[in-house]
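*Asks:* In terms of my numbering, the sequence shown opens at residue 806 and continues consecutively.
It is worth saying that the hints were derived from the structure and are not from the lab. Hints are supplied without guarantee of correctness; some may be wrong.
Here are the computed lysine to any residue pairs in the SDA-like style, where the Cα-Cα straight-line distance is at most 25 Å [as the list claims (entries may be wrong)]:
#1 Lys1087 x Ile1115
#2 Lys1123 x Glu827
#3 Lys958 x Arg1120
#4 Lys1123 x Phe1158
#5 Lys1383 x Lys1461
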Amino acid sequence: MEIPKTNDGLPANAYRELKEGEVYIPILHPEKIYPEVNAYSVFWGLIMAVLFSAAAAYSGLKIGQVMEAAIPISILAVGISALTKRKNALGQNVIIQSIGASSGVIVAGAIFTIPALYILNLPVSFYQIFLASLFGGFLGILFLIPFRRYFVKEMHGKFPFPEATATTEILVAGEKGGKQASVLAVSGLVGGIFDFIITTFGWWSEVISTRIFYFGQILSDKYKLVFKINTLTMILGLGYIVGLKYAIIICAGSFLSWFVLIPLLYEIGQSLTSPLGATATKLISQMSAEEIFRNYVRHIGIGGIAMAGIIGVIRSSKIIGEAVKLAYNEIFHKKSSVQSSIPRTQLDLKMSFNVLLILLTAFLIFVFFYGGVTFNLWHALVGLIIVLIIAFLFTTVAATAIAIVGTNPVSGMTLMTLILSSFILVQIGLSGESGMISAMIIGGVVCTALSMAGGFITDLKIGYWIGTTPKKQETFKFLGTLVSAATVGVVIMILNQTYGFVGENALVAPQANAMAAVIKPLMSNIPAPWMLYFIGAVIALIVTWLKISPLAFALGMYIPLDLNTPLLIGGLIAHWAKTHSKDEKLNNARFSRGTLVASGFIAGGALFGVISALLRFSGFNWFNVHWAESQNAEIIGMVMLTAIILYFMWETMRAKVED
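Please build the complete structure, drawing on both the sequences and the hints.
*Replies:* So, in structure tokens, the structure goes:
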């Protein structure tokens, strides 16, 4: 069946579920060979890995936000190929993006955990940072490969893959040029400048809340009821690509947290004369809605994510079984002829080779733990088992989260890893300073593995839509991981010597500070909030019973409200674009144009975010904190958000059938 192309060059069935008998044929045809891996693509991929590892590490430690590397790298790859007038650059640009994007995921794994060692005044060395990042990245790649076919091919059209969609649009539009490239460029410029003004100058507030109104302030003070929305265009664009279905589920989880659980806990806390729970230091009656969320409700979300992961593993048991069976057949029956019949676009690393690499990585992790972390054979073995089990179980959770909403709840899963590993390590006699170091390194390996799994599924989905060879992406992802891990190790040590993580003018490192705050009491036998985790797990089971995605719902409970509400607006715009007219072809044209605009918002926000971070790194800090947090700035923000929503709708409606 011949599938027509959309106005962005992709087949018309790229983003929807396939009909019976229908086949998805990518832009780069499976039966043809295209330039992908060569000196040009590997060189630029490694350059991007180094540059963005340094930039992402600084932004993550300074402001708590790790910049999205995949999108700006794709923009740069397209620009470089245009400047050098390189022909057939699409496949090469995918490789550049895939290698370079190792930077952001490796950075997230490292900076969420390793700086906690500095914060706790514990010894840390370059090789600990480097090896924890390297082995975690390798595990993330290796554990994900068996699930590639399921996520990118078998679930075709069932997951929105927001970041992969935006990146694919950029790569394809850059190759094809024409109207789609201009729409992407204009919307990217509009969204990028809009977000740049917010994050660099603070001319209007990034977050608007109902506290700007008189009655909203009363509801917030008396009942801890507050509604919040983020004004960044990149989140609005994510909502469009996520779609209305998942946006509703995510916001439902968020509304449960903010409009039910927070007011309920506040009501209970009115009569308490001591902090609730061992880790809290403040009375609930004296907390704001945000503090109740951070100290209590977010833990419920973590429990929900953990249970959603278990449910995902159970549901994926058939896929896991097939992967194990394939590995067994390859190793013991030498069915190499099976791989030779697989199309180029579905060719992975041999499962037997993948298993051997997992075993080798596991052995190296054991040596690393024994010789550089615990210095005890039994403790090193327990640490290895913790890493392998948790990283494997949560791999599908990380991939599913990225596939649904484009956000990986890696900090929540790492927090759960720290709690579980600390509990186990204390039981086997490893506590105090050595216990904290061991738990943080274990957490660093797992955090990096999960971060890599989420990021790599994006790369593989991009390759699937475009038609590159997954085996080549998988092979050279290891090289990108190696370079990124080394860069991150050097950068973290330089930043510690330059700014530090403790004291005046130190780097904020919010995730690492949270990890440090959790690990210290746990290693002193102070209990974790198990009941809150249990409540979250029960909620995940209930929504599963109601046939609602438990992970999307739990993500909504865990992610702050202001980051979820723009998703709903974006989802509503997408639904409106698809259903506004009785002409199905016109609706399709509008939805496709809206996808380009949304991708432009995401790309512009990410690229200008890099520029903003580099300016701050260079000492140019023009952000007006006092004004940005004022009521007038929030009112202006509300006006500007309305304006950008109207622009989004207007630009989407400009599509014509002939486009």
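*Asks:* Work down the list of hints and note, for each, if the structure agrees.
*Replies:* Cross-check of the supplied hints:
This hinted pair does not check out: Lys1087 and Ile1115 have alpha carbons roughly 33 Å apart, beyond 25 Å. Under the criterion of a C-alpha separation no larger than 25 Å, the hint pairing Lys1123 with Glu827 is consistent with the structure, at around 24 Å. With a CA separation close to 17 Å, the supplied pair Lys958 and Arg1120 stays within the 25 Å bound. Using a Cα cut-off of 25 Å, the hinted pair Lys1123 and Phe1158 holds, with the two alpha carbons roughly 21 Å apart.
Taking the CA atoms of Lys1383 and Lys1461, the gap is near 13 Å; set against the 25 Å cutoff, the hint holds.
Checked against the numbered hints listed earlier, the structure breaks hint 1 alone; every other hint is satisfied.
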